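Residue numbers (our numbering), protein chains in the order written: chain A, 1 to 440; chain B, 1001 to 1440.
Note that these hints are calculated values from the structure, not bench results.
Note that the coordinates shown come from a computational prediction; the quantities given were computed from them, not determined experimentally.
A couple of the hints might just be wrong.
Once the Cα atoms are required to be at most 27 Å apart in a straight line, the calculated BS3-like pairs of lysine-lysine come out as [unchecked claim]: (1) Lys1141(B) x Lys1221(B); (2) Lys406(A) x Lys1314(B); (3) Lys1390(B) x Lys325(A); (4) Lys251(A) x Lys87(A); (5) Lys1406(B) x Lys281(A); (6) Lys1339(B) x Lys1349(B); (7) Lys20(A) x Lys1437(B); (8) Lys20(A) x Lys1354(B); (9) Lys1056(B) x Lys354(A); (10) Lys1325(B) x Lys325(A); (11) Lys1163(B) x Lys1181(B); (12) Lys94(A) x Lys81(A); (13) Lys1127(B) x Lys356(A); (14) Lys356(A) x Lys1065(B); (15) Lys1213(B) x Lys1127(B); (16) Lys1354(B) x Lys1390(B); (17) Lys1406(B) x Lys437(A); (18) Lys1020(B) x Lys437(A); (19) Lys1406(B) x Lys408(A); (20) Lys1127(B) x Lys1081(B); (21) Lys228(A) x Lys140(A).
Chain by chain, the residues:
Number of protein chains: 2
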Amino acid sequence: MKVVIIGGGATGMGVASKIKRNNNNIEVTVIENGSYVSLGACGLPYYVGDEFKDSKKLFARSVEKFNESGIEIHLNSSIEKIDIKNKKLIVKNKEINFDKLVIATGAEAFIPSIKGLDTIDFYKLTKYEDGINLKAIVEKKEINNILIIGAGFIGMELAENLKNINKNVSIVELDSRIASKIYDEEVSDLIKNNLEQNQINLFLNNSVKEFIKKDNKIIAKLMDRDIKVDLVVVASGFRPNTRLFENTELKLSANNAIIVDDYGKTNIDYIYSGGDCCVIKNKITNNHCYSPLATVASKQAKVIANNISNINSKFYGSIQSSIIKLFDSGVARAGLTEKEAKDLNINIKTVFIKDKNHTHYLDGQSDIYLKLIKNVDTNELIGAQMYSNKNSILRFYSIATLIWNKTKLNEEIEQIDLPYSPPFSRTFDIIHIALSKIIS
Amino acid sequence: MKVVIIGGGATGMGVASKIKRNNNNIEVTVIENGSYVSLGACGLPYYVGDEFKDSKKLFARSVEKFNESGIEIHLNSSIEKIDIKNKKLIVKNKEINFDKLVIATGAEAFIPSIKGLDTIDFYKLTKYEDGINLKAIVEKKEINNILIIGAGFIGMELAENLKNINKNVSIVELDSRIASKIYDEEVSDLIKNNLEQNQINLFLNNSVKEFIKKDNKIIAKLMDRDIKVDLVVVASGFRPNTRLFENTELKLSANNAIIVDDYGKTNIDYIYSGGDCCVIKNKITNNHCYSPLATVASKQAKVIANNISNINSKFYGSIQSSIIKLFDSGVARAGLTEKEAKDLNINIKTVFIKDKNHTHYLDGQSDIYLKLIKNVDTNELIGAQMYSNKNSILRFYSIATLIWNKTKLNEEIEQIDLPYSPPFSRTFDIIHIALSKIIS
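Please take these sequences and the hints and turn them into a complete structure.
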């Protein structure tokens, strides 16, 4: 059997490696239009922030290592044509046949249409070259004032990293609050305070109407003021990289993401897809959602590889768990936000509480905030968000576990035996207190 | 209704406060033989280690505050006689009647019988005065070499705290490994390495045959050598403080702990007991076990108070979750050890793996060790132990949650959507890897 994988990102290389581990006799070819494979793109903001020097560390594994395990990789190779019916691709004028095809083309940065944006050298941060280019320019002393467009994960992480190398960082965000699709208002507000306390200039409920190049500076004309910056980074989200499939038999969703089933299979029997180019199942609603996260990609990759290798395997969906470090704090979330739940007409109860990370007598006691969202009809926890200092946030793993397992909220779960000792927790953890309140 | 509570520790005061919050009309009297109530005893090692100066911080709440909420407290009051049948106690020659009695007498330090121990001024660490006395003496410059008897939680925490104030600390432990009832060999060994790397002198598989006082020093005659120390601390575990009830109608277990049911009730209808003086139900085996932990006490207190206040409430048991900080590391555990499971003839599968806390490109990447124990017949996780750096250990909350919920081990749980970002984790967390291995 010959498997061709389009895209050498985390998903594509994950599928390739796992197929080879399952059955070394399966031929695996990866076609990648870039000059590298297996980029750990999540590390890009930290590379720009000089947390490490060697950009090669961004790659999970080298092309040579993949080749050694029998994976054929074509770099710098764009698909010129795809012939789904006859199971073949045209790459560099050459025909490549496949028995099974895996589409793992990922996502590309969404570039908003802003007047004058094409006249300035703006930056983005999804590819390896983006990281190299952005780091090279921010290392210049004359680059001091940096404007980031978009307050999502990349925007926030990049803001912190640029601040850490002493840049003056501004974020402009169309929405009235930070990451409003990811967090509810309480947590967006905590993040806003955090960023402001760390001297990130926030322009919420705002947007750039026009960029004007003036001498060596860029003038960003916001809705209410002009700001003069040295550099602009666009971090306005992603969109699935699926242009190649737009007029094919392949079923796409409204946002052009590839639709796959629980087995990673598209509407065409011998074509699979995973990662940032496709929609996934939300485990809570069973609806499709677009959630380009590395955690999802890695799990889908395993499922796809298993099914191709005749090992029955199912992808159980995502609760869109995420965690982010923002200076000394951590923010975690999973499941639905209150807003999402309301939009779906789910009968909910919510609690939002503030407590402490550990005992009062030890140094470093600090605030934790926890929001829980319960589906009153099913009596299940369907969403949660936590904000705390960065060393306390991993307790959220417990909450993600409760949501994942659709645990019923009752006295038994309120008594969950979480480990306690003075440097880590209190006898009643904030999780106990919040569960107690949402149950009653 | 009049409720009398014997013992003003965490359990007793927890019951008292919760009853008053439930129903202010219930009369609540606490009889405490010491001079204080609501000691947070878990803080004692940290007080001795000078992590904080004000010993009053060890008390959760003052006597006055409890009085304000309508709780009557008799300090320095020993029970001279108990007349269970007629529902009365004799305290300081006065009769006190009750409708319901709550026994929360806690535990006392177990003092091993060692020749010469009575001739030296040895210390222990369970009461407030113990902490005051021990801190006063270790603050003396001439007190440098300290021997701790017992490598349990208190012994280990105290060793770290004494090391932090520059003492030369030795631990002698009868067992061949650290805390063998709490951890399996792999984790005991990791702790042993940790303590040794932090210059704690360990004498395992050893014991003191005799103490001899010589000038201002104490000679501890171990099985294989003599060591000269300035101070001895006994941390050989606890035993339930139940002497008062030894020859009464109250049912006690083999180790003299009070036997209670799921509602905190003893064999006598109007007498309840909770905390370190009683046995609890192990949630995995359903057997009674003696597990004096603050987490258990606080949950039992709530259950007892609710049942006394006519709010139906059940204690669901313990999985003996614990966590401990040891210098820069953390150790957590829950459920059964491999040894316990084998002794119970449970058909088990175990995995023990080593992985990393977070991405390799960020500073601070370090090892995590995780052991999982599965009941093969029920396909449930019944035990786990984790060792990592202290800022990574809280991910164990997820494992405790899986054990608590008796989650079935299958592909769905292997895909648990735990949050990821580079400073906290990897796309496949050690939890995913371990689950994957124990499932297959």
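Comparing the hints with the structure gives:
no. : hint                    : result
1   : Lys1141(B) x Lys1221(B) : 24 Å, holds
2   : Lys406(A) x Lys1314(B)  : 22 Å, holds
3   : Lys1390(B) x Lys325(A)  : 17 Å, holds
4   : Lys251(A) x Lys87(A)    : 17 Å, holds
5   : Lys1406(B) x Lys281(A)  : 25 Å, holds
6   : Lys1339(B) x Lys1349(B) : 12 Å, holds
7   : Lys20(A) x Lys1437(B)   : 18 Å, holds
8   : Lys20(A) x Lys1354(B)   : 24 Å, holds
9   : Lys1056(B) x Lys354(A)  : 24 Å, holds
10  : Lys1325(B) x Lys325(A)  : 23 Å, holds
11  : Lys1163(B) x Lys1181(B) : 25 Å, holds
12  : Lys94(A) x Lys81(A)     : 10 Å, holds
13  : Lys1127(B) x Lys356(A)  : 25 Å, holds
14  : Lys356(A) x Lys1065(B)  : 21 Å, holds
15  : Lys1213(B) x Lys1127(B) : 26 Å, holds
16  : Lys1354(B) x Lys1390(B) : 16 Å, holds
17  : Lys1406(B) x Lys437(A)  : 23 Å, holds
18  : Lys1020(B) x Lys437(A)  : 18 Å, holds
19  : Lys1406(B) x Lys408(A)  : 13 Å, holds
20  : Lys1127(B) x Lys1081(B) : 23 Å, holds
21  : Lys228(A) x Lys140(A)   : 17 Å, holds
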